[in-house]
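Student: The chain contents come next:
2 protein chains.
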Amino acid sequence: MSGKLIVISGPSGVGKSTVVSGVMAQCDTLQFSVSATTRPMRPGEVDGKNYYFVDHATFQAMIREEKLLEYAQYVGNYYGTPEAPLNEALAQGKDVLLDIEVQGALRVKARRPDAVLIFMLAPSFADIEKRLYGRGDTAPALVEERLNRARWEYTQAPNYDYLVVNDNVDKAVSEILAILTAEKCKTAERLSYLKEDN
Amino acid sequence: MSGKLIVISGPSGVGKSTVVSGVMAQCDTLQFSVSATTRPMRPGEVDGKNYYFVDHATFQAMIREEKLLEYAQYVGNYYGTPEAPLNEALAQGKDVLLDIEVQGALRVKARRPDAVLIFMLAPSFADIEKRLYGRGDTAPALVEERLNRARWEYTQAPNYDYLVVNDNVDKAVSEILAILTAEKCKTAERLSYLKEDN
Chain A
73 MSGKLIVISG PSGVGKSTVV SGVMAQCDTL QFSVSATTRP MRPGEVDGKN YYFVDHATFQ
133 AMIREEKLLE YAQYVGNYYG TPEAPLNEAL AQGKDVLLDI EVQGALRVKA RRPDAVLIFM
193 LAPSFADIEK RLYGRGDTAP ALVEERLNRA RWEYTQAPNY DYLVVNDNVD KAVSEILAIL
253 TAEKCKTAER LSYLKEDN
Chain B
73 MSGKLIVISG PSGVGKSTVV SGVMAQCDTL QFSVSATTRP MRPGEVDGKN YYFVDHATFQ
133 AMIREEKLLE YAQYVGNYYG TPEAPLNEAL AQGKDVLLDI EVQGALRVKA RRPDAVLIFM
193 LAPSFADIEK RLYGRGDTAP ALVEERLNRA RWEYTQAPNY DYLVVNDNVD KAVSEILAIL
253 TAEKCKTAER LSYLKEDN
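From first to last, the protein sequence lines are chains A and B. Sequential numbering of the first sequence, starting at 73, is according to our numbering. Sequential numbering of the second sequence, starting at 73, is according to our numbering.
It should be emphasised that the hints constitute simulated quantities derived from the structure, not laboratory data. Just to be clear, a hint being listed does not mean it is correct.
Since the list gives no way to pick one copy over another, a pair counts as held whenever it fits inside one copy or between any two copies.
As a list, the in silico SDA-like pairs of lysine to any residue whose alpha-carbon atoms are at most 20 Å apart [stated by the list, open to error]:
id, residue 1, residue 2
1, Lys88, Leu249
2, Lys267, Arg218
3, Lys258, Ala187
4, Lys121, Leu219
Bear in mind that the values here come from a model prediction, so they are computed numbers and not experimental data.
Make the full structure from the sequences, and use the hints.
Tutor: Here you go:
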């Protein structure tokens with residue numbers, strides 16, 4: 073049986089990367105989908121692990137050759153999901169986790185209605201403001217831009233299948249693992265068990 | 073927010089009671105719905121805990137006065153779910169588990185589409201045969217009757233939301249707990265978190 077495609081999005085400041093790392097660490101059947109991006113590599117990042125770092129021409133070629141399941145522009149850079157490795161993992165029965173922004177997530181859902189969309193929330197919107205301002209290293213104008221984007225993202229959250237509130241990292245991690253387990257228990261996934269000669 | 077109504081069914085010989093006990097032991101927010109029945113009390117059973125044991129006249133009155141969410145006849149006896157205690161628990165935000173047979177479960181789903189229906193399966197149908205014959209204390213004709221009923225129940229399983237395979241009690245228990253967690257993460261259950269002034 074083919075694996076499940078799990079898509080996680082959440083606004084900047086919601087603590088998503090910590091939760092996603094926790095999920096990946098606790099689920100060895102889950103494969104992380106590495107995105108391609110045109111943004112420059114940051115210190116500590118590894119090509120092919122955090123992202124596939126490519127130049128604009130290469131990214132445009134990937135778009136043209138339809139090698140991306142989805143792509144979007146964010147703060148002047150392209151981000152996209154290479155489709156071939158993802159299909160390969162799913163066909164092998166592995167579940168695949170995509171950590172992508174909202175536009176991309178909704179495109180994935182449109183193209184693959186069986187994808188499971190999880191939106192990560194802060195306990196309250198005020199927490200996002202607090203976290204973004206609290207970082208202290210971001211220009212106020214940029215914080216405002218991120219807050220505006222977070223507000224827009226919240227308006228899209230009702231299109232997701234699940235909402236996970238990050239009021240506690242362990243709880244958020246276990247909720248996402250529970251969602252993955254439950255999705256694999258859905259009747260449509262297990263009809264083969266109902267054959268009497270199974 | 074009101075609690076979730078979880079309905080579990082499964083054919084005789086699937087090991088459902090052990091799994092249900094495991095679920096109840098591990099989830100203290102979950103309340104077990106005690107059914108009313110006209111069948112005689114068995115040694116070790118407690119009135120009001122295993123069942124509410126009532127006579128036929130009382131059961132008929134409960135039907136007439138619409139005090140039952142569902143009821144069904146099984147091997148000559150009536151079984152039904154008293155609605156008032158269930159509504160009370162749900163209103164208090166408690167989740168309620170119903171362990172009822174297939175006809176009743178489908179009636180609950182028809183009346184309450186937000187109920188979550190879980191069907192418990194054996195790893196294979198041959199396991200049910202093995203377990204029912206293996207008990208050794210049941211007349212072959214009765215075993216055949218139960219097997220026929222199990223076959224019919226399997227035909228109804230696609231109407232359930234989830235299928236849980238009891239190939240391992242701990243795994244089955246944790247799958248049911250995961251389903252409960254995931255159901256509470258569904259977007260419709262958590263829309264209040266999306267209000268900016270939340």
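Student: Give me the numbers of the hints this structure contradicts, sorted from smallest to largest.
Tutor: 4
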